[in-house]
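Chemist: From first to last, the protein sequence lines stand for chains A and B.
Just so you know, the first sequence maps onto residues 1 to 337 in the UniProt record's numbering.
Just so you know, the second sequence maps onto residues 1 to 337 in the UniProt record's numbering.
Note that these hints are calculated values from the structure, not bench results.
Here the structure is a predicted model, which means the values were calculated and not measured.
None of the hints are false.
Given that identical chains are not distinguished, each listed pair holds provided it fits within a single copy or across any two copies.
Cut-off 30 Å, straight-line C-alpha distance, at most; resulting in silico cross-link-like pairs (DSBU-like, lysine-lysine): (1) Lys250 <-> Lys7; (2) Lys183 <-> Lys300; (3) Lys317 <-> Lys226; (4) Lys183 <-> Lys95.
So the chains spell out like this:
There are 2 protein chains.
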Amino acid sequence: MKLASLKNGRDGKLVIVSNDLTRYTDAGRVAPTLQAALDDWENIAPALNELAQGLETGSVPVERFHEREAASPLPRAYQWADGSAYINHVELVRKARNAEVPDSFYEDPLMYQGGSDAFLGPRDDILMPQDQGWGIDMEGEIAVITGDVPMGVAADEAGDYIRLVMLVNDVSLRGLIPGELAKGFGFFQSKPSSAFSPVAVTPDALGDAWKDNALHLPLLVRYNGKPFGQANAGKDLTFNFGQLIAHAAKSRPLCAGTIIGSGTVSNKLNGGPGKPIAEGGDGYSCIAEIRMIETIENGKATTPFMSFGDTVQIKMKDGDGRSIFGAIEQRVAKYEH
Amino acid sequence: MKLASLKNGRDGKLVIVSNDLTRYTDAGRVAPTLQAALDDWENIAPALNELAQGLETGSVPVERFHEREAASPLPRAYQWADGSAYINHVELVRKARNAEVPDSFYEDPLMYQGGSDAFLGPRDDILMPQDQGWGIDMEGEIAVITGDVPMGVAADEAGDYIRLVMLVNDVSLRGLIPGELAKGFGFFQSKPSSAFSPVAVTPDALGDAWKDNALHLPLLVRYNGKPFGQANAGKDLTFNFGQLIAHAAKSRPLCAGTIIGSGTVSNKLNGGPGKPIAEGGDGYSCIAEIRMIETIENGKATTPFMSFGDTVQIKMKDGDGRSIFGAIEQRVAKYEH
Numbered sequence: 001m002k003l004a005s006l007k008n009g010r011d012g013k014l015v016i017v018s019n020d021l022t023r024y025t026d027a028g029r030v031a032p033t034l035q036a037a038l039d040d041w042e043n044i045a046p047a048l049n050e051l052a053q054g055l056e057t058g059s060v061p062v063e064r065f066h067e068r069e070a071a072s073p074l075p076r077a078y079q080w081a082d083g084s085a086y087i088n089h090v091e092l093v094r095k096a097r098n099a100e101v102p103d104s105f106y107e108d109p110l111m112y113q114g115g116s117d118a119f120l121g122p123r124d125d126i127l128m129p130q131d132q133g134w135g136i137d138m139e140g141e142i143a144v145i146t147g148d149v150p151m152g153v154a155a156d157e158a159g160d161y162i163r164l165v166m167l168v169n170d171v172s173l174r175g176l177i178p179g180e181l182a183k184g185f186g187f188f189q190s191k192p193s194s195a196f197s198p199v200a201v202t203p204d205a206l207g208d209a210w211k212d213n214a215l216h217l218p219l220l221v222r223y224n225g226k227p228f229g230q231a232n233a234g235k236d237l238t239f240n241f242g243q244l245i246a247h248a249a250k251s252r253p254l255c256a257g258t259i260i261g262s263g264t265v266s267n268k269l270n271g272g273p274g275k276p277i278a279e280g281g282d283g284y285s286c287i288a289e290i291r292m293i294e295t296i297e298n299g300k301a302t303t304p305f306m307s308f309g310d311t312v313q314i315k316m317k318d319g320d321g322r323s324i325f326g327a328i329e330q331r332v333a334k335y336e337h
Numbered sequence: 001m002k003l004a005s006l007k008n009g010r011d012g013k014l015v016i017v018s019n020d021l022t023r024y025t026d027a028g029r030v031a032p033t034l035q036a037a038l039d040d041w042e043n044i045a046p047a048l049n050e051l052a053q054g055l056e057t058g059s060v061p062v063e064r065f066h067e068r069e070a071a072s073p074l075p076r077a078y079q080w081a082d083g084s085a086y087i088n089h090v091e092l093v094r095k096a097r098n099a100e101v102p103d104s105f106y107e108d109p110l111m112y113q114g115g116s117d118a119f120l121g122p123r124d125d126i127l128m129p130q131d132q133g134w135g136i137d138m139e140g141e142i143a144v145i146t147g148d149v150p151m152g153v154a155a156d157e158a159g160d161y162i163r164l165v166m167l168v169n170d171v172s173l174r175g176l177i178p179g180e181l182a183k184g185f186g187f188f189q190s191k192p193s194s195a196f197s198p199v200a201v202t203p204d205a206l207g208d209a210w211k212d213n214a215l216h217l218p219l220l221v222r223y224n225g226k227p228f229g230q231a232n233a234g235k236d237l238t239f240n241f242g243q244l245i246a247h248a249a250k251s252r253p254l255c256a257g258t259i260i261g262s263g264t265v266s267n268k269l270n271g272g273p274g275k276p277i278a279e280g281g282d283g284y285s286c287i288a289e290i291r292m293i294e295t296i297e298n299g300k301a302t303t304p305f306m307s308f309g310d311t312v313q314i315k316m317k318d319g320d321g322r323s324i325f326g327a328i329e330q331r332v333a334k335y336e337h
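Please model the entire structure based on the sequences and the hints provided.
Modeler: Following this line, the structure appears as structure tokens:
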């Protein structure tokens, strides 16, 4: 089953989208918003599933689905907690800011509490008051939306609480990160609003691509129209979503609608850092990584962070080349107060 | 105007509470929940105010208000961002964990993104799987709920977006903090669910006690039934709520219903750390502070963190000795998975 929230008020209008992303049917008579569906998932999911079947067989009213009309599946959420499951990204980014990879990394996930009150839509501009100095970067990631998760859930049971899977652009302000982390309280201003894919998908609808609480397909990132990354989200991850959810729920329950992110998807190449796609590698899901590799190889970073007008596209294709989640497509633009 | 959310489903039932906290009237015909009211405050606040006047004059149906029936005013919220406005607390707690107070502290607020998906009610037990080693502590604070705040708002305009004021118990797990902060991503497991006062109050209803975007009254903390703290929230604060909101909104807008906290209220005494109430001081709003002072004075901390069965009460009285927000009253108890 594939769900989307068409832009409508603060929380969008819940619709069910066809597997090929061309059509939708209104889910309003079952649940007005995705949060409402998640709040009562056990009762509501069967009715949504029935509508989804009707959508495929043509037995319910359908409309043309336009990705550009979608808000993020949860336009605002009660929780956005982002992990850092891909060690390659952690190693490169920490090197880039002269920070250590903590010894505990392999057993204890890195995770930060993100702002969840005002997400961007998948086609919304990334509005920033300035583009120089703040180090505007994208981070291509996978995320899951959970049901109600009890405090203390075990990692091998936590996967049962995954309701939906989607893609994320976790916009990051690299220029603000070092100063902010030096204060000791984690990210705040350096993590502005994130954007999610137009469509969220139930794990069962992902088929073989979803196993061991992870998504095993390349995350396709284009930067200014050119292929930039195709790292496989099923490779080189130290923690799966079961482990990330269990980490988040160690000392508190998680409310239905909690979004847990994977961190930037990143693959190694022969045990070391990867190469650009143009050089036969799988590229990167953020600019910080290529800058670090440039620094290692040439002594300095030459790829700049994003400026006004730069664009990013993040999507994922199934085995037959069809887009699964729709595309995040964003442009950096000037915010006028 | 005083508002509360009676326990009812996930988001409570919005009621208007009389100034003396003895009666309420249902606000359901105006807005079912506090979040719904905040989402359309300009249109809804006038109708709520009218009901509040009717409640005082007896022209609307009333019921007896019991604080124990209240959830936190927002039982779950889209954002909980907690500052650290009181330098005395920052100095003492950082000394306690051998961390530096950052040089930037006086111009750049400390603030962390907290979990907002599952708050405790003001009389709910603080359920934890263990009481030894985790260092369970309370933190008595002031918090405000904002309307929609535009990105980049100036500190001297940010106060205009404050809709409501309330008290907080920002439960903290001191035993988990050093390890978590060492990882560099801020608090997560070390900040479990917080609880808020039964009643949230509009700034205008606070009279002279609300000025310069701060609340100028003592925060009364009782620990296991004995007076523990009476630090004045209007003293020794480095940042007011206008400055904290502006900090939070530097790189993103804030959605209506955002909660911004002051950090633990803490007063100096003659320019240095305070004394216990029993010794003529104003005491403390958390246990970590008294432990640090014990360490400074006697070489080791003797007051333990909270164990199962320990209780905390947090409230505030107006000039006539009447409770303004109702009382947070919580007991630490064992969580059974």
